[in-house]
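**Q** As you go down the protein sequences, you meet chains R and B in turn. Under our numbering, think of the first position of the first sequence as 1, with each following residue one higher. Under our numbering, think of the first position of the second sequence as 1, with each following residue one higher.
Careful, some of the hints might be misleading.
For chains that are exact copies, the list does not tell them apart, and a pair is met inside one copy or across any two.
[What the hints assert, rightly or not] Under the rule of at most 30 Å between Cα atoms (straight-line distance), these lysine-lysine pairs were calculated in the DSSO-like manner: (1) K389 x K140; (2) K94 x K207; (3) K389 x K207; (4) K389 x K94; (5) K140 x K301; (6) K66 x K94.
Note that these hints are calculated values from the structure, not bench results. Computed from a predicted structure; not experimentally measured.
There are 2 protein chains.
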Amino acid sequence: MAYGYWRAGRQREPAEFELFFRRCPFQGGFVVGAGLGECLAFLRGFRLRGPDIEYLQSVLPSTTDKAFFDYLRTVDASEVTVSSVPEGSVVFAKVPLLQVKGPLLVVQLLETTLLCLVNYASLVATNAARFRMLAGPDKKLVEFGLRRAQGPDGGLSASKYSYIGGFDCTSNVLAGQLYGIPVCGTVAHSYIMSFTSLEEVQPRTLKPLDSEEPVEFLPLAELWLGRVCQLLQVPCDGVNHGELAAFASYAIAFPHSFQGLLDTYSVMGSGLPNFCAVALALHQLGYRAGGVCVDSGDLGKQSREIRWVLRTCGAAFQVPWFETIPIVASNDISERSLQEIIQEGHEIDVIGVGTNLVTCTLQPSLGCVYKLVTVNGHPTQKLTEDTEKMTIPGSKVCQALPSVHEIKSHAQASLRLFSPAHLRLQEPEPYQVAVTEKLHALLVNMRQSSQ
Amino acid sequence: MAYGYWRAGRQREPAEFELFFRRCPFQGGFVVGAGLGECLAFLRGFRLRGPDIEYLQSVLPSTTDKAFFDYLRTVDASEVTVSSVPEGSVVFAKVPLLQVKGPLLVVQLLETTLLCLVNYASLVATNAARFRMLAGPDKKLVEFGLRRAQGPDGGLSASKYSYIGGFDCTSNVLAGQLYGIPVCGTVAHSYIMSFTSLEEVQPRTLKPLDSEEPVEFLPLAELWLGRVCQLLQVPCDGVNHGELAAFASYAIAFPHSFQGLLDTYSVMGSGLPNFCAVALALHQLGYRAGGVCVDSGDLGKQSREIRWVLRTCGAAFQVPWFETIPIVASNDISERSLQEIIQEGHEIDVIGVGTNLVTCTLQPSLGCVYKLVTVNGHPTQKLTEDTEKMTIPGSKVCQALPSVHEIKSHAQASLRLFSPAHLRLQEPEPYQVAVTEKLHALLVNMRQSSQ
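Isolated chain R, as found in the complex (with noise of 0.2 Å):
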């Protein structure tokens, strides 16, 4: 094509295409546009370099005209503007994310590069959006999706646009290197399976928070354990060492954090009751323990039941901080999942979020569409039989913001969505940074006239 306009002359000729989607994703009535930052970085830096150029000859006709690859090697997007909404916008069908005006040639080479950049990113932070909905703004959502991504960059791209659309954190941690994303995680099963016996334990002491001198660790939670399992009613013989060591070994080197993964072998015969213990021995030396995790089985169901376990431990053995203790769950939590998990009533308080975020599994593509809509200031339309697919011509002046009502009828939006903290990874631009503090307004204002 690129050819063809330049053997026409037509290389300069002024043209302007717009970016947008015809239908929301996942049924649903909105987008949170993203991408914008990347697609301006990469117009930035667009250019065509001598191996670029030697595949292209290698590649293309050998009747092509060779002052072509001469004048390609002076092709930049210096001369393109873009319009946009701000990153992180609620959008809507067929509303332009982007307006790309610049030299015929130009703005038609950029096409895929900028569909690929905003396609993705919109389509995760929407569904990231839709999480954050459904939980609710004091749930903390945590983004574990980079083992299903496409490659080590698709991973990337879901961390980053997971938490502009309203993720709390990431265990992606080259995202919270890179972004400055917060990180987060569990521990592996493989980890639990790797101790099979109390021997294993290494050191085997631990400082008291308030005191220099060590104190043998294993001996106290042992001693919690009998004392817990007489509690719960759990058999003691059925509690597994291996878990313990490895629980015990987790608290000494991470006194003020530790995590227990219940489900290696049994949540409530083994799991629990370990955990129990170590994070009882704990509190015994001062310490507060971090969570428990869950990753399989009825998430709801379980969260419900270790909350029991929690509240009847923190009175029986008077330790008011223990019923808070946050539970986190993930099992490919999906929409739905988490819908019926909420119906049924959990105690969760973290939920870790993987293939069904990044993938976007209801729907794995927004598709973006890249059309011409004036060429030498005249209108162009694309009038073909599939009615859906006709275009309709001129350049559109778009509203940037929706308006409060339209906000709240057609998305409403999580007012977490636009929180600061989630704005920090968008460009430095005037124009964006205005316009999220009136958007930040808005909301603060929706807020209120919703209370």
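Starting from the structure of chain R, add chain B where the hints point.
**A** Relative to chain R, chain B alone:
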């Protein structure tokens, strides 16, 4: 976990993990295992560098022993051994794709990266193989998915592993440049729409194949358009002149590979008459057209109608090659829609698949897991109450190659799947090359025995 192992002095204990999936994707019977090459490249370069360690120090508790970070500086994968099925093998559920042996701390750290590199690669290669099996060995399959992939790198993975799974080429030019995959593509509607009148055609002449004397091209095309309209009984005033201009410009630029995108305005009322006129004008000057494309509507039905027109024109104007002009079709093609097209009968030669190939819409994740099977020579097992998630303890002996019988009954794998062209992307490891030759011989035998 790494800190826990290190604190317990267990970092160098010998351990083995297996990477496998529990169920085949797409309700199918096999997976094309892929990603091994990238795993090996990752392992060769695996090290934690200064800034990585500083970042880890900033996010781990301040009580973490400083000596641990010094230890991390020494960690690499030099003591890790990987056994694997060869790249591109047919693999079944619960059979290890990778067996990873080495020091406990190191092999634990590799979990997420290895899963990330194998999961999507194998999923998309499998998806591509399913499209190939459905389309049969003679159709040309083109990957069109970049704009819907998870960012630019997700798009590159999609192109690479679709090719390994049996596609013929990609529209992702960077994948062509980096991996040597053949590139091909079609024109966009915007190219057609950017032309509004015949005045815009520049240059206006074309040299015949066997002469240096340029000929005015437009009068020739217009002459043929009148004849074609009369033959097909299509009203000449319904034919779009901008489209004719776009086709003529393209033909003058690429006389050896002129393609017509037919569905910008009306396939039968404008696109096809314009295409035939330009292709017949090219024929008169000694050239052959490269193909026609449709990107909307009922692809099967349209392809039959188009073939009828091409055949009719070829017969009426005595141009025998006309009826064999390749028909390219794309429009959100899925396994299901392709199956319907095939059942209803079609004349498509080249099938472009984008979204449903690269996002694997039917099941957008493979769900490989990475489980500890031995530590210190002792088998380990996860004995959870969720019986599907229980693991089989101990190291497995896995047969690298499925037997011919297994391939036939479980997978009905396409013979083209393992053609030498599709294997040149793999790592040049001697053992792989050997096995690849063996596999190739096996498939040649299969082909012979099935005849």
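**Q** Does each hint fit the structure? Answer for all of them.
**A** Hints, verified against the model:
no.	hint	verdict
1	K389 x K140	between (40 Å within a copy, 26 Å between copies)
2	K94 x K207	neither (63 Å within a copy, 45 Å between copies)
3	K389 x K207	neither (69 Å within a copy, 38 Å between copies)
4	K389 x K94	within (11 Å within a copy, 44 Å between copies)
5	K140 x K301	within (19 Å within a copy, 52 Å between copies)
6	K66 x K94	neither (41 Å within a copy, 55 Å between copies)
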